[in-house]
Amino acid sequence: MRSSESSRGTGGPSGAGGPQQGGKAGGGRRAQLEHTGLRHGWTTGACATAATTAAYTALLTGEFPDPVTITLPRGQTPSFALAAEELSATAAMAGIVKDAGDDPDVTHGALVRATVRRLPAGAGVVFRAGPGVGTITRPGLPLPVGEPAVNPVPRRMMSEHIAEVAERHGGSGDVEITVSVDHGEDIARSTWNPRLGIVGGLSILGTTGIVVPYSCSAWIDSIRRGVDVARAAGRTHVAGCTGSTSEKTVVAEYGLPEDALLDMGDFAGAVLKYIRRHPVDRLTVCGGFAKLSKLAAGHLDLHSGRSQVDKGFLAELARQGGADEGLVREVAAANTGLAALQLCQAAGVPLGDLVAKTARDEALAVLRGAPVAVDVICIDRAGTVVGRSTVG
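Residues 1 to 392 (UniProt numbering) make up the sequence shown, in order.
Derived from the structure by calculation, the hints contain no laboratory data. For every residue, glycine included, the Cβ atom is placed at its ideal position computed from N, Cα and C. Treat each hint with caution, since some may be false.
[Claimed, not checked] What follows is a set of in silico ranges between Cβ atoms, one per label pair, in the way DEER data are often shown:
| # | residue 1 | residue 2 | range |
| --- | --- | --- | --- |
| 1 | SER88 | GLY255 | 50 to 56 Å |
| 2 | PRO73 | ALA365 | 32 to 38 Å |
| 3 | PRO257 | ASP301 | 24 to 30 Å |
| 4 | LEU87 | ALA232 | 38 to 44 Å |
| 5 | ALA163 | THR384 | 22 to 28 Å |
| 6 | ARG368 | ASP301 | 14 to 20 Å |
| 7 | SER244 | ALA123 | 14 to 20 Å |
[As the list claims (entries may be wrong)] With a Cα cut of at most 30 Å, we get these calculated DSSO-like pairs of lysine-lysine:
| # | residue 1 | residue 2 |
| --- | --- | --- |
| 8 | LYS248 | LYS357 |
| 9 | LYS311 | LYS357 |
| 10 | LYS273 | LYS248 |
| 11 | LYS273 | LYS311 |
| 12 | LYS357 | LYS273 |
| 13 | LYS248 | LYS311 |
Make a model of the complete structure from these sequences and hints.
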């Protein structure tokens, strides 16, 4: 669910303060990302699993394993130092400081706690949302309304480790697990969770347990959950927006509700590919002129580090729009995409509309015939519409 492990409206995830390495403040064993020198980190789901394992072990044996070792879905066995522990006759709590490695992750440094309480035989494993963990209030997410926002894979990981600890130490495996994140409600305000109807805090996420630096997988997962929520709410028109200014533009243009707005950021391809498999009647793509010129040129990742504005491409579009050869040369030599646009505006050449139309054509090509009508709106930094396509 959205991406409680990435932040909104900044063009990419943002970080918080990080933990120290080792000892009681440690966030877990640190791994190196091959070839790049960047460190992997651990998801909130992995941290919650480690905390759960330590807490249940202490509840059964009276001692907290520190560090505590878990097995991830792909077989890795990281160890995590405990940052907090409490034990009573009926419950145990353990806390792990999340280490996101070198990923700029909004939950980096957060203290993830799991409190495990005994339940009567046959009760199974029950999950609760503690402070800082959200509750689902809208349909369309992987869990029913009313459930704590602990995603299915972390639930499975925690349940499997409960069963292993129970077998090892003679427990029944019938427990209540309350997951909490210190300051999670404040952190969640910079995520998609409020928009998706996850209230009260963060989501506990992760499918592999590992955070790969700059993979932006949480952001892309949030885009998918945003489409799911919009469809479940009966929205037939959604908008993929590159930022808050473009969101304001489509709201002004079409009056779309918040749950129809997809915080696309740079990931145009993620929006288009998911909507190809899960169609809606209409998709509006709205963003800055320069970013959408990249989509028009065939790029599906619009980040400045992974695609560049092609002034030669813009010059050819300007030629198609009636620019003389002198203007074509000026556009090709322009310092920025905005400068190229302004040159064409002054000459009456509709470069903004041409970029929007070509970007729409590229979007339709990615949709591969899915029954989705598409239009594109290009804006400048002030939010003024500088180009638009028809609906096609």
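Hint check results:
1. A beta carbon spacing of about 54 Å between SER88 and GLY255 agrees with the range 50 to 56 Å that was offered as a hint.
2. Roughly 35 Å separates the CB atoms of PRO73 and ALA365, a value that falls within the hinted 32 to 38 Å.
3. For the hinted restraint 24 to 30 Å between PRO257 and ASP301, the CB-CB distance of approximately 28 Å keeps it satisfied.
4. Taking the beta carbon of each, LEU87 and ALA232 are about 42 Å apart, inside 38 to 44 Å as hinted.
5. For the pair ALA163 and THR384, the beta carbons lie near 59 Å from each other, so the given range of 22 to 28 Å is not met.
6. Distance hint for ARG368 and ASP301: a CB-CB separation of about 19 Å, consistent with the stated range 14 to 20 Å.
7. The hinted window of 14 to 20 Å between SER244 and ALA123 is violated, with their beta carbons roughly 45 Å apart.
8. Restraint check: the Cα-Cα separation between LYS248 and LYS357 comes to about 21 Å, which is no more than 30 Å; the hinted pair holds.
9. With a CA separation close to 17 Å, the supplied pair LYS311 and LYS357 stays within the 30 Å bound.
10. Among the hinted pairs, LYS273 with LYS248 is consistent with the structure: their alpha-carbon atoms are about 24 Å apart, no more than 30 Å.
11. Proposed proximity of LYS273 and LYS311 is supported: the alpha carbons are some 27 Å apart, at most 30 Å.
12. At roughly 19 Å between alpha-carbon atoms, LYS357 and LYS273 fall within 30 Å of each other, so this suggested pair holds.
13. The suggested pairing of LYS248 with LYS311 holds, with an alpha-carbon distance near 28 Å, which does not exceed 30 Å.
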